[in-house]
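Asks: Now for the letters of each chain:
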Amino acid sequence: MRKFFRKYFFQLLPSFTSWVMMFSIQLYHEVYDLNKGKILFHIPDYVYDFFHFLFLIFIYQAGKTIVKKESKPKSLEVIWLIVGLGGTGIIINALSNWVSHIYMANYSSIFWYNLDKHIGIITNTYFFITLVFVYRQLILFRSTKPKQNAWILLDISIVFGFLLLFDKYLSIPQFIIIAYFLASIGIVMYLSIHTEWVAYLNLKEKFLGIFFMSVILIIQLSYLLLVDVKDVMNYDFDFANNLHLNVIYFFTILYTFFCILVLAFNLPTSSLYELRQLERKAISEINQVILKSKFDPNDVYKILIHYGMLCAKADFGWIQISQNEEIKLIQIKNFNENLAYEVHEVINKYWSYQIDKKNFFIGDTNRLSLLKNKSLEMESFFATKVSTQDKEYGELILGWKHKNAFELELHSFLSIISEQAAIAIENKELFKKSISLERYQEQLKIAKDFQEKVLPKISSIEGFDIHAINQEADEIGGDYLEIYQDDEHINIIIADVAGKGTTAAFYMAELKGMLQILFPLKLELLEFIKKLNFAVSQCLSPNLFITINFLRIHKSTFHCQLVRAGHTPVLHFSFSNQKIGEYQPKGIGLGVLRKSISDKNFEIHEFQLQKNDVILLFTDGIIEARSENKQELGIDILKEWLSSFYSLSSTEINYSILEQMMAFTNENKIDDDYTLLTLKVQ
Amino acid sequence: MNVQLNDFENYTTVYLIGEIDASTSINIQNALQNLLDNGQKNIHINCEKLEYISSAGLGALMSFVEEIENSNGLMVFSDLKPKVLNVFQLLGLDQIMKIVDNHQQAVTFFQN
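Chains F and E are the protein sequences, given in the same order. Mapping the first sequence onto this note's numbering, position 600 (from 1) lands on 601, and the numbers just tick up by one. Mapping the second sequence onto this note's numbering, position 35 (from 1) lands on 38, and the numbers just tick up by one.
If you're looking for bench data, these hints aren't it; they were derived computationally from the structure. Mixed in with the good hints, there may be bad ones.
Stated by the list, open to error - A short, non-exhaustive set of chain F residues, derived as facing chain E with CB atoms under 8 Å: (1) A265; (2) L268; (3) G500; (4) T503; (5) T504; (6) G582; (7) P586; (8) I589.
Don't be surprised by glycine CBs; every beta carbon is placed ideally from N, CA and C.
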């Protein structure tokens, strides 16, 4: 309170000073009357009225600012403030009245009588003017333009009312005063019907509202009785003298009365408003769970069951979720778990019978034959799906101890919060998925970059025209190509790691490492392949293997050696006799035999290359490409293509074959890795 | 893709039916592992109705060859279609697996 006065000291000071002036002048008048002649100086009446007028204007101004600053968004707190102010005023009034009665017979009664009268004026005016501005807050709640304009008119008419203090000097014509009052009544009536704020109170607040408003009405009437009727009893009452506050009295009393009526009539609709409020609260709490960094769907279910039971005033409740295709009941409230599962079985049966595909189900347990003989406390229940349009997450079940407990208006509330819960969970899941997908793609990109580094850049080899195409079915794959030259030989290896994707790609990288160690050792082919098999067998998982073709060309003689480890054959177009050789020497895939491998498992095929001869090395992705009717390309078609394209350059041969392949598959995506290497002798 | 088993006195016939690719090869692997776990080391694999086998399928079969040999068991393949046989040969599986033309020939292996 002290803080309040300190804060508004300068707001309240002018009105208080004017009031002190009024009181002093009145006192001086009385003293002057008693001592006629002795005191020469006479203060005219209008000076008193002038200070009264200033007093009103200052209060009006201060009231406007203070209420605006102090009023909180909650309307009831403002009312609470005014009740306090009015009540205090009444007590002060009653006290001063009592004191003035004690001194009535005394000479000093003039002082006490006037003090009492002016305390009446100040408390009365403070109270009513503050009330005007408090009501202004309420009326202008959800403000509209006509309301604001009407308020400006009321402002003018109130201030005009203050001017009526000077009526006795100005003798304003009666009809103007009557017109003024009629106009004011019109404005007041218009403004008083605005009680929209009532709709935003819940039941408890409405009861409080009625109570406070009644108290205000009593305070208002007490003021009128204490101040005005006292004046009447003192034969001092002048209607015109009190004109200045009549609009305020009329307005505040009428509005109080209206509010009480509206509050009373609105009591029955409170529950609906409360539902909306709970709905908002539940939704905002669910949203907060989503924002948490560590999301747990159980938190959402907790909120759902809490608000579900709260608003439906349910005695029991639980949530059913399906986890790994298994039905699980969680958040079971006030109910035996085993019984809940039994009830749930019945409910699940109902869902399957349901023809109209509603997402909720209202039932009386005693009507459900399967539960008839069970001693359930639960008499009625409600079930609704917790689902979005795409996905069902579970069901919310509420139960009551009495029959027909479910009210239909609850349905929309429960379905809204259930849906909101489902949406929250779905959103979070989608978010998680997109994050992990992004991460996965990032990893793949790294792997792809890495693989591109692993695959050799086919550089030109003196005496040969060489070109290779490598394509992976996924981002990364298991095909591999390596060319290694030493003083004598060109070593070409084409390899295919069984399987596709990341696993194959990793083994491919390991293979590269092994080859890089083995190549410089300049081993004989059989020795090389056996060592490679040993190394591969150490690291490959038991159900995987690697196939390779290892072609070694002597640089000066063009004599070739080929060893094959389970790989597709090598094609050799001989320019001199225009024939294609298909070389498939005996050879077992790397990693197929891990312990007992020997020279016997391989054969070396030797042949001679000549000018314009073409060698084709490829992986099974080429010959296993399938047409629309699932026909495999096969090696014979590849041979045909080779014999028609042999005269082209290696690059052109590769792209012509690829073009033919696309035509064959009808540009279906080729779902295997494929690699094609063409080597032409220049 | 389908795997059917037929138990006989001292061996089990496994019928591989349809196409075996990466996603279905796990079925063969499980079936064969089950037989081994139950002590059956003599296995006859009938490929009469096997239309296609991918490298993943071959890998699954391959992984059992050495294991069965080491435990003195016997795995015999019969009735391979030319295309399937070609795939076996390409990889060199014919070197390590017993492959016979027909069911009867496979059965005689186990009778001896």
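Asks: None of the hints should be skipped; say for each whether it holds.
Replies: Hint check results:
1. A265: Result: violated, 73 Å to nearest chain E Cβ.
2. L268: Given a least distance of 67 Å, the restraint on L268 of chain F is violated.
3. G500: 6 Å, holds
4. T503: At about 13 Å, which exceeds the 8 Å cut-off, the nearest Cβ of chain E leaves the hint on T503 of chain F violated.
5. T504: 11 Å, violated
6. G582: Since the shortest Cβ distance to chain E is 17 Å, the answer is violated.
7. P586: 10 Å, violated
8. I589: 3 Å, holds
Checked against the numbered hints given earlier, the structure breaks hints 1, 2, 4, 5, 6, 7 and satisfies all the rest.
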